[in-house]
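Peer 1: Spelled out, the chains give:
Number of protein chains: 2
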Amino acid sequence: MRTIIKGNIIHAPQLGELSIIPGGCLVLEDGAIAAVCDAMPPARPGDQIEDYGDCLLLQSFADLHLHAPQFPLLGMGMDLPLLEWLDTYTFPMEAYFADTGYARRAYRRLAGTLLSLGTTRVCMFSSVHREATLVLMEELEQAGVAGYVGKVDMDRNCPDALRETDGIASTRRWLADCAGRFSHIRPILTPRFTPACSDGLLQDLGALAAETGLPVQSHLSENPAEVAWVRELHPDCEQYWESYAKYGLWNGRTAMAHCVYSDRRERQAMGDAGVLAVHCPDSNTSLSSGIAPVRRMLEEGVKVALGSDIAGGAELAMNRVAAGAIRASKLLALSDPDHPAFLTVLEAYYLATTAGHQFFGAGAGFAVGDKLHAIVVDDSALPPVPRPLTLPERLERALYLMGPSDIRAVYSEGRKVSA
Amino acid sequence: MRTIIKGNIIHAPQLGELSIIPGGCLVLEDGAIAAVCDAMPPARPGDQIEDYGDCLLLQSFADLHLHAPQFPLLGMGMDLPLLEWLDTYTFPMEAYFADTGYARRAYRRLAGTLLSLGTTRVCMFSSVHREATLVLMEELEQAGVAGYVGKVDMDRNCPDALRETDGIASTRRWLADCAGRFSHIRPILTPRFTPACSDGLLQDLGALAAETGLPVQSHLSENPAEVAWVRELHPDCEQYWESYAKYGLWNGRTAMAHCVYSDRRERQAMGDAGVLAVHCPDSNTSLSSGIAPVRRMLEEGVKVALGSDIAGGAELAMNRVAAGAIRASKLLALSDPDHPAFLTVLEAYYLATTAGHQFFGAGAGFAVGDKLHAIVVDDSALPPVPRPLTLPERLERALYLMGPSDIRAVYSEGRKVSA
Numbered sequence: 001m002r003t004i005i006k007g008n009i010i011h012a013p014q015l016g017e018l019s020i021i022p023g024g025c026l027v028l029e030d031g032a033i034a035a036v037c038d039a040m041p042p043a044r045p046g047d048q049i050e051d052y053g054d055c056l057l058l059q060s061f062a063d064l065h066l067h068a069p070q071f072p073l074l075g076m077g078m079d080l081p082l083l084e085w086l087d088t089y090t091f092p093m094e095a096y097f098a099d100t101g102y103a104r105r106a107y108r109r110l111a112g113t114l115l116s117l118g119t120t121r122v123c124m125f126s127s128v129h130r131e132a133t134l135v136l137m138e139e140l141e142q143a144g145v146a147g148y149v150g151k152v153d154m155d156r157n158c159p160d161a162l163r164e165t166d167g168i169a170s171t172r173r174w175l176a177d178c179a180g181r182f183s184h185i186r187p188i189l190t191p192r193f194t195p196a197c198s199d200g201l202l203q204d205l206g207a208l209a210a211e212t213g214l215p216v217q218s219h220l221s222e223n224p225a226e227v228a229w230v231r232e233l234h235p236d237c238e239q240y241w242e243s244y245a246k247y248g249l250w251n252g253r254t255a256m257a258h259c260v261y262s263d264r265r266e267r268q269a270m271g272d273a274g275v276l277a278v279h280c281p282d283s284n285t286s287l288s289s290g291i292a293p294v295r296r297m298l299e300e301g302v303k304v305a306l307g308s309d310i311a312g313g314a315e316l317a318m319n320r321v322a323a324g325a326i327r328a329s330k331l332l333a334l335s336d337p338d339h340p341a342f343l344t345v346l347e348a349y350y351l352a353t354t355a356g357h358q359f360f361g362a363g364a365g366f367a368v369g370d371k372l373h374a375i376v377v378d379d380s381a382l383p384p385v386p387r388p389l390t391l392p393e394r395l396e397r398a399l400y401l402m403g404p405s406d407i408r409a410v411y412s413e414g415r416k417v418s419a
Numbered sequence: 001m002r003t004i005i006k007g008n009i010i011h012a013p014q015l016g017e018l019s020i021i022p023g024g025c026l027v028l029e030d031g032a033i034a035a036v037c038d039a040m041p042p043a044r045p046g047d048q049i050e051d052y053g054d055c056l057l058l059q060s061f062a063d064l065h066l067h068a069p070q071f072p073l074l075g076m077g078m079d080l081p082l083l084e085w086l087d088t089y090t091f092p093m094e095a096y097f098a099d100t101g102y103a104r105r106a107y108r109r110l111a112g113t114l115l116s117l118g119t120t121r122v123c124m125f126s127s128v129h130r131e132a133t134l135v136l137m138e139e140l141e142q143a144g145v146a147g148y149v150g151k152v153d154m155d156r157n158c159p160d161a162l163r164e165t166d167g168i169a170s171t172r173r174w175l176a177d178c179a180g181r182f183s184h185i186r187p188i189l190t191p192r193f194t195p196a197c198s199d200g201l202l203q204d205l206g207a208l209a210a211e212t213g214l215p216v217q218s219h220l221s222e223n224p225a226e227v228a229w230v231r232e233l234h235p236d237c238e239q240y241w242e243s244y245a246k247y248g249l250w251n252g253r254t255a256m257a258h259c260v261y262s263d264r265r266e267r268q269a270m271g272d273a274g275v276l277a278v279h280c281p282d283s284n285t286s287l288s289s290g291i292a293p294v295r296r297m298l299e300e301g302v303k304v305a306l307g308s309d310i311a312g313g314a315e316l317a318m319n320r321v322a323a324g325a326i327r328a329s330k331l332l333a334l335s336d337p338d339h340p341a342f343l344t345v346l347e348a349y350y351l352a353t354t355a356g357h358q359f360f361g362a363g364a365g366f367a368v369g370d371k372l373h374a375i376v377v378d379d380s381a382l383p384p385v386p387r388p389l390t391l392p393e394r395l396e397r398a399l400y401l402m403g404p405s406d407i408r409a410v411y412s413e414g415r416k417v418s419a
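Going down the list, the sequences are from chains E and X. Numbering-wise, the working numbering puts 144 at position 144 of the first sequence, and it's gapless, one number per residue. Numbering-wise, the working numbering puts 417 at position 417 of the second sequence, and it's gapless, one number per residue.
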């Protein structure tokens with residue numbers, strides 16, 4: 001049976017390029033895109049038609065870096081720098097997730113909030129807690145959010161309550177618990193970051209990555225103090241990334257958050273290995289980390305997507321994160337002659353959608369064969385304009401202004417998950 | 001008759017200093033603050049009690065620079081630099097306000113939106129249109145927004161449809177039309193900016209300012225191209241500000257938006273004259289203007305308040321503008337050794353409230369004798385936190401996250417204007 005979804009289609013198959021079909025149709029078969037058309041296809045018996053009239057039919061957002069247990073901290077402690085903020089706010093909050101009852105309440109709320117904001121795919125850190133991580137996966141799966149969730153591994157430079165004492169045994173048990181339980185949520189190996197992981201732990205995680213083929217996520221070159229710390233901890237590594245690479249945690253299925261201080265050599269290593277750089281502009285600004293060299297990365301062929309990085313970032317809404325990436329890039333362009341061109345609206349839309357979805361194996365834009373990930377935006381409640389707007393203008397306005405009340409429907413993995 | 005408003009009072013009498021009264025009371029007599037108490041005062045017959053329980057009782061916001069006729073443009077054209085954006089988006093949009101019917105619809109919506117976001121005082125640009133400006137004043141007054149509105153004056157370097165051809169005659173007529181009609185909205189003289197005003201027009205406006213004692217608002221040193229242009233137009237002026245000062249438009253009742261490129265000498269001139277610098281961080285970022293030297297201004301004793309500058313800025317909500325000021329200051333601190341200290345949450349709250357309200361003659365924080373300007377924030381729908389939050393933490397979270405649905409009541413000029 002087919003579903004035909006009608007609206008003003010705007011998708012981003014390429015960086016900086018929009019594909020626009022006014023009054024177009026997405027034809028779905030079993031939730032997968034069978035065709036993207038500029039007119040209603042000839043009717044077949046049983047067709048289900050969802051006509052959204054003059055609404056925008058956009059790609060949904062993919063959030064490639066966020067910390068689920070930090071959701072309750074959103075918008076707090078922003079005047080502290082990274083390492084102090086971790087000790088004062090983050091670690092104490094994560095310790096609460098030993099309580100699976102609390103975890104369920106917080107994660108149910110998070111899953112619903114993500115969908116209400118149009119985010120349908122995530123690459124997410126949980127905490128070190130095996131059970132709370134399963135709860136998180138259950139809540140995301142049940143709500144309809146897809147993607148990767150990682151039980152965090154760390155065994156040093158952290159509070160006792162959050163320290164792994166059994167190496168990766170609990171991670172292996174978590175992977176066993178996950179097996180066959182979820183359709184849209186998959187595990188990802190998640191060393192917190194080099195300073196919080198002993199060499200032995202990184203080595204074991206690398207071996208596990210090789211054994212299982214699982215993807216890997218971590219943090220990279222977020223802050224100068226952190227970069228210097230890694231250099232002390234790994235004197236054999238010329239650069240931060242090598243502390244992951246030497247243990248087999250650096251390949252085409254790796255996502256590294258931040259990369260603010262990744263210079264040409266580190267970026268080259270990312271490009272060569274196919275590592276995804278996850279740009280988290282609000283977090284990097286709010287924790288006074290800096291502005292990542294996104295324009296350079298894109299020019300050098302490094303893959304880049306966007307992350308909210310809550311709660312280092314105070315914005316969970318990826319349209320606001322995309323607008324934040326534009327803003328940060330404008331300020332970088334003003335202060336750094338090496339970055340003359342800021343990120344345009346079209347580029348930011350691509351980074352917040354296609355670039356992120358591709359980490360999960362999706363194609364470019366609304367690609368035939370992909371399960372649909374889309375949002376329907378009804379922008380009629382935005383300020384009234386006395387002339388017709390073009391579809392690119394409406395896309396820009398939606399990126400800057402829209403909130404949950406402007407999102408009329410959300411599709412994830414081919415299913416309508418909220419109305 | 002007294003009204004007693006109970007809640008967790010947080011106000012900012014001084015830059016960087018909060019005055020906090022958990023479960024405190026604001027006692028109003030005829031809308032004016034008679035006392036700020038830490039407990040319920042002895043009852044009097046007829047007392048009206050408004051108990052907001054555990055809600056936050058905060059100062060409302062003052063938006064010291066925004067363009068009312070640009071409200072429909074919110075979030076559009078942000079990839080253009082200032083002068084190009086004016087020609088492509090701003091001027092054509094302002095021309096629509098020759099139609100007073102359209103103006104009434106747009107301005108009614110704007111007034112309601114301002115209150116829904118907790119902004120109760122504005123220092124606002126209208127367009128050149130006399131009638132639409134009166135409509136704007138009526139709509140603000142009727143909704144309960146207080147402050148200053150200026151009919152724009154410009155007679156060069158603008159489209160014919162927006163060019164004044166009769167000098168300040170229509171401005172004098174507008175002032176005559178205003179007289180005695182409004183209780184909470186007052187006129188302000190508003191030369192658009194030096195490049196758009198002939199010398200004769202600036203001279204006449206200066207004379208009118210001297211004659212009437214009215215306040216003055218304009219733009220200053222927003223963008224390097226604009227600064228260079230003013231230098232060409234006024235070769236006798238060493239700096240931009242002198243093009244206002246030489247015509248008597250530079251004094252303690254003057255508000256100048258932006259001041260991004262105001263160097264020490266220009267800042268000294270502001271401090272000496274008591275001119276208010278209106279910092280518009282979102283606009284300055286979005287139009288790639290730069291970041292104003294706010295920390296330096298504050299250290300040098302220049303008065304600073306905040307403005308949304310819609311639609312150069314894409315955020316009308318002043319809590320978001322305040323958070324944007326923090327973000328911009330963090331990036332400036334990272335790139336400019338002359339600005340080592342970013343703006344803290346407490347400082348941003350002060351700048352968005354007390355610093356702005358004082359331009360209208362208000363005192364510091366919730367000052368006895370002032371008509372109440374306040375908002376009641378119910379933050380219980382924000383993410384659930386498993387420990388009690390301190391009131392400064394709740395203030396921070398509200399600044400970063402709150403939206404209209406978290407604002408339970410708004411008081412303007414001593415009256416409850418929305419519930």
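Source of the hints: derived by calculation from the structure; they are not laboratory data. Please note that a few of the clues may not be correct.
Coverage of chain X stretches by chain E, computed from C-beta distances (three or more under 8 Å per stretch; other residues unrestricted) [claimed, not checked]:
{"#": "1", "stretch": "73-86"}
{"#": "2", "stretch": "283-290"}
{"#": "3", "stretch": "313-327"}
{"#": "4", "stretch": "361-369"}
{"#": "5", "stretch": "377-390"}
Quantities reported herein were computed from a predicted structural model and do not represent experimental measurements. The C-beta atom is built at its ideal place from N, Cα and C for all residues, glycine as well.
Peer 1: Now tell me, hint by hint, if it's right for this structure.
Peer 2: Status of each hint after checking the structure:
1. 73-86: holds (count 7)
2. 283-290: holds (count 4)
3. 313-327: It holds, with 4 qualifying residues against the three required.
4. 361-369: violated (count 0)
5. 377-390: holds (count 7)
Checked against the numbered hints above, the structure violates only hint 4.
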